[in-house]
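Peer 1: Take a look at the letters that make up each chain.
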Amino acid sequence: MNVNLQDNFFSIFQLPVSYQVEPLVLDDRYRDLQRNVHPDKHVGASDQDKRLAMQWATVINEAYTTLKSPLKRAIYILKLKSCEIEHNPTLPGEFLMAQIELREELEDIGDDAGSLARLAVFKGKIASGLAALELDFAAQIDDQLAAAEQTTYKMQFMHKLYSEADRLEEKLLGY
Amino acid sequence: MALLQITEPGQAVDPHQRKRAAGIDLGTTNSLIASVRNGQAATLPDADGQHLLPSVVRYLADNTVVVGAPALAAASEDPLNTIVSVKRLMGRGIKDIETLGERLPYEFIETQGMPRFSVVSGQVSPVEASAEILKTLVQRGEETLGGELDGVVITVPAYFDDAQRQATRDAAKLAGLNVYRLLNEPTAAAVAYGLDTGAEGVIAVYDLGGGTFDISLLRLNRGVFEVLATGGNSALGGDDFDRRIAEWLISEAGFSEQITHSQSRLLMTEARRIKEQLSTNDSVEIKINSDNFHYQGVLTRVQFDALVGGLVADSLKACRRVVRDAGLTNADIQSVVLVGGSTRVPLVRSQVRDFFETEPLSDIDPDKVVAVGAAIQANILAGNKPDAEMLLLDVLPLSLGLETVGGLVEKIIHRNTAIPISKAQEFTTYKDGQTAMLIHVVQGERERVVDCRSLARFELRGIPAMVAGAARIAVMFQVDADGLMSVSAMELSTGVEAQIVVKPSYGLSDVEITEMLKASFEFAAEDIRLRSLTEAQVDGRSVLDAVAAALAKDGAALLSAAEIGEIETAMADLQRVIDSESNTSILDATAKLGAASDHFAALRMNASVKQALSGHQIEEFEIGQKD
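Note that the protein sequences, when read in sequence, are chains P and G.
Numbering follows the working numbering, with no gaps: position 112 of the first sequence is 112.
Numbering follows the working numbering, with no gaps: position 262 of the second sequence is 262.
Treat the hints with care, as some may be off.
[Unchecked claim] Pairs of lysine-lysine, DSBU-like flavour, derived with a Cα cap of 30 Å: (1) K411/G with K68/P; (2) K81/P with K411/G; (3) K171/P with K19/G.
[Unchecked claim] Far from chain G by the CB rule (all over 10 Å, computed), these chain P residues: (4) R35; (5) V43; (6) E62; (7) L71; (8) K81; (9) E101.
[Said to hold, decoys possible] Across the chosen pairs, the derived CB separations fall in these ranges: (10) G122/G with S163/P: 50 to 56 Å; (11) E568/G with S11/P: 48 to 54 Å; (12) R273/G with L173/P: 42 to 48 Å.
These are computed hints drawn from the structure, not numbers from a lab.
Even for Gly, the Cβ is constructed at its ideal location relative to N, Cα and C.
Could you put the whole structure together from the sequences, leaning on the hints where they help?
Peer 2: Below you can see the structure in the form of structure tokens.
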């Protein structure tokens, strides 16, 4: 079996299409792939080879970033199963209520001596919520596609919340 | 491995023919050139045994240009014609220079946003002044290595944005150099240390140069140097330490008059001397008598530490941020490398040690380490070390984004993304019947356009008139391995396309560069014709060699007999014209061979990718055992 630029990211990394990815294996294969395709390995080559090297290195970087991130990986697997993510999904009322509460909690963190500590607790809570959703997704993806899609939307919400917490942290730290 | 050899046709022909390759550290205060000779990377001295070339360029009335120590010696007597620390102005506009807030002793002329120095022999851009420094170094390199350089690696601060990188590339072009790669200075330093010590794990490179501060975290793994995160401040450096001392001198002397250009230069030179002495002494005696400026006194290390403490704290703040960006803690960092002459300041060393809780490494001269690392990389890229395992994986230092409604930035590629990378983003029109769209590319982390650096604006025309929100405009960013960006845009329903290479608002246009090149070489028409014929022949032969080698190796395995025949026909056609005087038929036949072998090249690259992971079963097993 040969490998093509258009192949799916799992094939390029010679991994089965699965939500479970061993990070160390991924890192290792990433380095091995770049060792062969990176433009620095083709400096003396023809323009043709240089262009191909650049295309491959770009695709491998994108594949690595996608497979490494739990959220991007989930969206990508759904896409491979012909399930395109919606921009304005409908989510259960109780999940949305919980989101509103979490948002209020984030807004109440404020800017005083205890803010950073409260923020750390908050981030921990979101991180464990995300970890639970990742387990859900892994259990659902094989035979409950609709449920896996819903879980992905929830991940997106939590991920966005986490990024906002990150931004607040950067602000509190004075970056 | 065999596939990689195909890309080195010169080597296949004559394995003993080494390429002349060099690493260049184009620094704010000093510049260096280094090369690998007899397996050892070292900086090259000039005829007087000096390794450091002061990055100072002086223009004289008779059009001669003086670079280095003699120019530096004239800096305070002839400040207007002597350009110091030109690196700080690379890729910058007049406004940026004003916000640097320094006492720059030059007279500027602004042309199309780009500043030019007004000197006695005319106008000079920062790019041209940098090219003079490069030419001086290259001459030194050619004298030492015994011939024209095949290629160089030039280092830039990791934190340099697209405009600053482009300006550096332009300077190299003006100096007539073949640039293999722009290499980030901290990565170069890590290479110099990494190969020396065989270190594995995460290392931090703290690089306090004359005008810039960089902090980078790299992971070393079996020869692969992976940049995890990089940050810093492109307007913080050793010059700022000098400036703090100069300001202190002015205040202590109770001097209230206007400082002249010449006094400003004198004070900065004196300040640098004081700073350097305070690295080894607890106090320095000062005596200045110049025109109406008189001061006599003492500056102690303790006083100096208080003057510059804020600057060191600023650098540590950037360190804290980069550790966080990489998703690490200080405990994950095995070693810290010091780069840049300013890391000799004792306060810097002690603060860095306290911050990372490890004694920083400085065994390689902090002034030379970057050039040494660049030389190692240049030697490998030249193909002099075909079995080298080393590979440098770099990241985009600053986020790229587009201006959206309300002067806000929509980020397209985030900082610390591995490069090369491309990213497409869809946009739409916001008015009914809108047929054109201005695309404004910016670089930086802030939310508002005015707080980021403007890289370029370009217009996508001919969008079919539709209701607001109906057009689908895909904007594609491509960042290459040098960190340089190109952008293209397309309206998806009609296929209307606009493509530009992002040229910084403050850079030189290609036309300007070509003109400067012509002026500097003063080629006669016949020379140009001969030169381009020779180039076409050389290019044609190297394509022939490469395709022949590839066919011999992989032709039978990857191609049908008919496909091989087609390529061989194109080879024969090129062979027939290669020694002719006809530039156009050589170029034409070379292009046809390129087209005929396109598919083959893609197949070989695919096979190479597949081969990269052959034997991965064993690795999986090893990882399993480690766990």
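Peer 1: All the hints need checking, so say for each whether the structure fits it.
Peer 2: Structure-based check of all given hints:
Annotation: proposed proximity of K411/G to K68/P holds, straight-line Cα distance about 21 Å (limit 30 Å). Distance hint between K81/P and K411/G is fulfilled; the C-alpha atoms sit about 29 Å from each other, no more than 30 Å. Note on K171/P and K19/G: the hinted pairing is violated, with a Cα-Cα distance of about 51 Å set against a maximum of 30 Å. Look at R35/P: its CB is around 5 Å from the nearest CB on chain G, not clear of 10 Å, so calling it non-interface is violated.
Not every CB of chain G lies more than 10 Å from the CB of V43/P, the least distance being 5 Å, so the non-interface label is violated. Chain G draws E62/P into its interface by the beta-carbon criterion, the shortest separation being 7 Å against a cut-off of 10 Å. Annotated as non-interface, L71/P keeps its C-beta farther than 10 Å from every C-beta of chain G; the closest such distance is 14 Å. For K81/P, the condition that its CB be more than 10 Å from all CB atoms of chain G holds, with the nearest at approximately 22 Å.
For E101/P, the condition that its CB be more than 10 Å from all CB atoms of chain G holds, with the nearest at approximately 26 Å. About 52 Å separates the C-beta atoms of G122/G and S163/P, a value consistent with the hinted range of 50 to 56 Å. At about 33 Å, the CB distance of E568/G to S11/P disagrees with the hint of 48 to 54 Å. Take R273/G and L173/P: their Cβ atoms lie about 37 Å apart, and the range 42 to 48 Å is violated.
Hints 3, 4, 5, 6, 11 and 12 from the earlier list are contradicted by this structure; the remaining hints agree with it.
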